[in-house]
Each structure stands twice: as structure tokens, then as C-alpha cells.
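Number of protein chains: 2
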Amino acid sequence: MKDASYKPHERLGAHLTAELDAVNTLIRERMASKHAPRIPEVTAHLVEAGGKRLRPMLTLAAARLCGYDGPYHIHLAATVEFIHTATLLHDDVVDESAQRRGRPTANLLWDNKSSVLVGDYLFSRSFQLMTETGSIDVLRILSNASATIAEGEVLQLTAAQDLKTDEDIYLQVVRGKTAALFSAATEVGGVIAGADPAHVQALFDYGDALGISFQIVDDLLDYWGGDATGKNIGDDFRERKLTLPLIKAVAKGDDEERAFWTRTIERGRQEEGDLEHALALLNKHNALEETRQEALAWSEKAKTAMETLPQDPIRDMLIDIADYVVARVN
Amino acid sequence: MKDASYKPHERLGAHLTAELDAVNTLIRERMASKHAPRIPEVTAHLVEAGGKRLRPMLTLAAARLCGYDGPYHIHLAATVEFIHTATLLHDDVVDESAQRRGRPTANLLWDNKSSVLVGDYLFSRSFQLMTETGSIDVLRILSNASATIAEGEVLQLTAAQDLKTDEDIYLQVVRGKTAALFSAATEVGGVIAGADPAHVQALFDYGDALGISFQIVDDLLDYWGGDATGKNIGDDFRERKLTLPLIKAVAKGDDEERAFWTRTIERGRQEEGDLEHALALLNKHNALEETRQEALAWSEKAKTAMETLPQDPIRDMLIDIADYVVARVN
Chain A
369 MKDASYKPHE RLGAHLTAEL DAVNTLIRER MASKHAPRIP EVTAHLVEAG GKRLRPMLTL
429 AAARLCGYDG PYHIHLAATV EFIHTATLLH DDVVDESAQR RGRPTANLLW DNKSSVLVGD
489 YLFSRSFQLM TETGSIDVLR ILSNASATIA EGEVLQLTAA QDLKTDEDIY LQVVRGKTAA
549 LFSAATEVGG VIAGADPAHV QALFDYGDAL GISFQIVDDL LDYWGGDATG KNIGDDFRER
609 KLTLPLIKAV AKGDDEERAF WTRTIERGRQ EEGDLEHALA LLNKHNALEE TRQEALAWSE
669 KAKTAMETLP QDPIRDMLID IADYVVARVN
Chain B
369 MKDASYKPHE RLGAHLTAEL DAVNTLIRER MASKHAPRIP EVTAHLVEAG GKRLRPMLTL
429 AAARLCGYDG PYHIHLAATV EFIHTATLLH DDVVDESAQR RGRPTANLLW DNKSSVLVGD
489 YLFSRSFQLM TETGSIDVLR ILSNASATIA EGEVLQLTAA QDLKTDEDIY LQVVRGKTAA
549 LFSAATEVGG VIAGADPAHV QALFDYGDAL GISFQIVDDL LDYWGGDATG KNIGDDFRER
609 KLTLPLIKAV AKGDDEERAF WTRTIERGRQ EEGDLEHALA LLNKHNALEE TRQEALAWSE
669 KAKTAMETLP QDPIRDMLID IADYVVARVN
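Sequences listed follow chains A and B, in order. Each residue of the first sequence is one higher than the one before, starting from 369 at the first, in the working numbering. Each residue of the second sequence is one higher than the one before, starting from 369 at the first, in the working numbering.
Just chain A, with the same shape it has in the complex:
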């Protein structure tokens, strides 16, 4: 019955319409503040900006897939979206970003202060929401995920411009900045449903691998581009961010290449033509293709984990999402 003209996350969204509506209602209710109208203003700017709601959808899908029929997957999905929104607000302050989802960032429209404090408010609100579920297991998973996210972001601060950053450190950063919330989103869906430990583990593995694949594709497209991603080729290079393609090229570089990376990434002294030279080095060492292969391998891991769960239309949509994440580079 699946309609190939829709993207898989859109099909999943259609399948979960009623629950997503309940999540959106709860988000709007909980982002309100009786005393500080600045809070819903800033939050609405991000929350209503038309994100895909992929993370809350993963929680709803995991809970449904495990046969949950209680009310708390709605709370958990809203929790996950609040944590995501809080990290976006803080990320944009940290990265001094001016644009997000094609619109000016909150730190630009209001100020850094508002972004920091409204982010803190949403973090707190997310903990209130998960507390309402009454499940200590859920609280443990989500507070661990929050710590991993923050740790990954701090690690990125110091690792991004350090040529000693290797693929292991890259993976830790990616788990922090992206995969930890994906895996927590799917895991808590299973936990709230009381799923058996093997299924909970499979949900975690799916979210973890999906998140890693998602982030590697994002980092690859920064050099690959050419399609309608809306990103400019080389943004990460200009911002001196060591991502997987560069890490692979640096590892294989000779002394002269190393001097080039030291100047452009570590010291940030970039000149006309440097991006073109960086792209040539990436090609010379086959770094983009190897990065692409890793994204595909993580997507396969996600699918393999999901296939251990019982047959269900939701399961198949989650598998399709793992394919879709790498479709832009496949």
C-alpha cells in the first residue's frame, strides 16, 4: 500500500497524524510562560519553522511498534523535541550562526542572552515532561543522552580545529551532537511500552546507527553538494571544522599536504584557491568515496537492527527512513 511518491518520513508522519497532532498541542502548551512572553516567542520561531519532527516521530513509532497504548509516548516525543530545540538554540549561540532552516536565527532576531536562557527553560521543561511519565528508566536514558550531547559539543569545541582528531574522536562527537538523541528517542519509545530488552536494544542500535549515518551524510554533502541541499560547498572548510572527509585526507597526506591543513584548518589562514586545493586533496585520497561508504554501512546497520523487530508497517517505514537518509549520496 505504500505510495512511492512520498518520502518515508512523510509516510510515517501520515501514519502517526493523530499522535503528532497531540505532540504539537503539548509542545505549544508547555512552551508557554505565564510570566515571560519572550519564551514562547523565541521557541515558536524554531518550533513552528517547519522542521520535520523526525526525532519525536521516532519515539512515537518505536512505542507503537512495541504495542504501547498508553498516553506517555506523547510526553516523550515532546520531551525529545524540546531537548532538540534547546540544543539548536545553544548551538547557534556557540557557532554564532545567522541562519537556520533558511531563516534568521533566534540569537540574531533577539540576542544571545535570550537563546541561552530560553534553551535552559526548554531543557527544564523537557525534564518536567519526562518526570510526568513516572518512569525512572526513561529519566535515566534521557538524562544520559543529555550529558552525552553536551559532552560531544564540548569535545567538538576543542577537536574541530585540531589535526590530531581521528576517526574515533569524530565518532564520539557525532554520537554526541546527533546520534545520542536519535538513539534515546527510539529507546524510550520501547522502554515506555515495556518491550523486551532485545527489542529495546535493537531500537537503540537503530537510532544510534541512523543518527551517525545522518550526520556523516551531512558532513559529506558539505563537500559533495551540487544538489538542492541549500548548503554552500565548503562551509565546514571555511569554518575550519574537521569532519570525516578531511580527517581521512589528513591521515593520508604527505608533509606538504599536512602543512596545507595546518595553515588552513589549525591556523585558519585561508587564501583564494584553498577550497579548490582541499577538494583536490579529498579526491586524490578518495576521501569522499570512503566517507560515502561509511554512511552507507551505518545505514545498513540501522536496517539490520530494525529487521530484528516483528513485521509491521511502521517497521518497514523506519527501514525506508534509513535508506532515505543516504539516498542523497547513493
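Don't read these hints as lab results, they were simulated from the structure. Hints should not be assumed to be uniformly reliable.
Copies of the same chain look alike in the list, so a pair counts if it fits in one copy or across any two.
Simulated crosslink set (DSBU-like; lysine-lysine; CA at most 35 Å straight-line) [as the list claims (entries may be wrong)]: (1) Lys545 <-> Lys375; (2) Lys420 <-> Lys669; (3) Lys620 <-> Lys532; (4) Lys545 <-> Lys402; (5) Lys420 <-> Lys402; (6) Lys402 <-> Lys375; (7) Lys402 <-> Lys671; (8) Lys652 <-> Lys545; (9) Lys532 <-> Lys402; (10) Lys532 <-> Lys609.
Note that the structure is a prediction, hence the values are computed from the model and not measured.
Given the structure of chain A, go ahead and fit chain B onto it with the hints provided.
Just chain B now, kept in the frame of chain A:
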């Protein structure tokens, strides 16, 4: 047996030495990060700076006062200190502060990015710690307090330079920025001990009133000064912060005075001699004395609440702390 030569929080600290040591050990253990050494560096700068540990001490005292003999008041005291440290890190970014406790701030020594992200890490760590207690009640209280703190900070952003800010709004801000963590600190001590609801309420009321009194004294000393507070008279005026003394003077001012406040606070166009004129207006309207009376009244409320708890040396030290908070203006 009480030694009048010690300050009451020092006597309480001496009474709770073993438990405070355990709290400090747990704090050092949990502020570590395997992957991101920046985290313990930044955290240690604040945590080891010789703060009084008043908030964690309140939690330990409340638990002991209610006969608790389990291990989790240590976790809760560390939780409270982590939340406090996280808010200090974010406050210094928001206020663009250069000094805290007589030392350069973390945002100055490292950067705003580190302060934002390490603060997020400590928030997450605090939620992990409270989750380990297994008490949903405790989680509810502390997540509510966190939301109140963040809401109070956002409210302050918009209220501080707005002459429409009245005493009710001031009280909301103070509850957010100071009293919410005091009252949560004492309340969770009672809750983890399984104290009866009347005692838990009294502990909450004590923390709430103590925190409000503490903040009003702080705001008063900004104009009162003269003693060894280390603060410069008029910092809040120069930073255009409407605190209780100013709010009282503004409310009683005539049109000419109102124009003065509009220029200096709302528009921030301050000139030589403005602070002296502001101080003269505060005196004219008896605003400092009235503010002092409010601080004393909140201190009395704290003592009255504490006196409903059973006789105990710890109870008496907590009562003495409520006296001590206003001793600087009494």
C-alpha cells in the same frame, strides 16, 4: 554549646563535615569527562573557588533534620550544587560578567561557548544524579525549580530595564533567580527523608523566604554598601537593573523624577552625578529603609517556618542562618 565566634553556616558546615566531604567527592567524580577535559577545567574553576556550599548544606541539613539515614541526600546536595554552578556559568555569559567571587569568570578565561556548553553538561549531570535517587517526587521538585529559575532569568531580561516593573514582578524574578533553588534544596531534603507533608511544606517555606531575604539584602547592599562586601555602590544602577530599592523610589516619584529614571534606566543615558542623584531620591522616598524592612520580614518568615519543625541543633543553626542573612543590614 554554640560558639558565637563562628558564623552560623560555618557551624552548620562543621556539624555536617563528613557529609560535605562526601558531596565534594561526588562533585569531583561527576564533573569529570573522559572525552572532554575542558569540562572539568571550567567546572573546577567555579566549584573549587571557595563558595560557601550553602545550597547543598541546606539539603543535607533538611534531610538530617527529618531523620534521614540513607545515602541519597549526598546525591541531592551535589545535584543542587551542579544546578547552581550551571546557572552561574550561564548568568556570566548573559551578563557579560568579567568577575565572580573575586576571580575572572569562565567566559573570560575560556570563552562564551565553553561556558554555555559546560553549563549544559552540568545541568544534564544534575539530572543524572537525581535520577539515581529513584524518587519521582524529587525529580518533579527539581525539574520544576529548574524551569522556575530559567523563567525568572528570562523575565529579568525584559523586566530589568522596564519602569513598569512592580514589586510583584520583582518577587517573581527573585523567586526565579534565587529562592527557587533554596526552597527546592530544603524541600528535597525533607522528601528524600519521607518527612510528613507539614514538615516538607515548612522546609519549602523556610528555603523560599530565606532565598528572597538573601536576594533583597544583596540588592539593598548595592546602594547601601560601605561595609566590606567587595561590591561597588551603584553597580546595579550603572547596569540599569531595576531592583527593589529603585522600584520603590520610582513608584513614589513625581514627573520630573520619572523623567530621570526613564533617561538613566530605560534609555541608559547616564551622566556624571546621576548615581548621587539616584541615591538622593532613594533617601527622599525612604526606599532603602523600606527595602531593609522587607528583607527583615522575609527573614522572620523563614524563622517562623523553621520553628514548626522539631527541636534539634540543626534546626537552631538554620534559624541562625536566617538571622545571619540579614545581619549585614541589621
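*Numbers of the earlier hints that this structure fails to satisfy, in rising order*: 6
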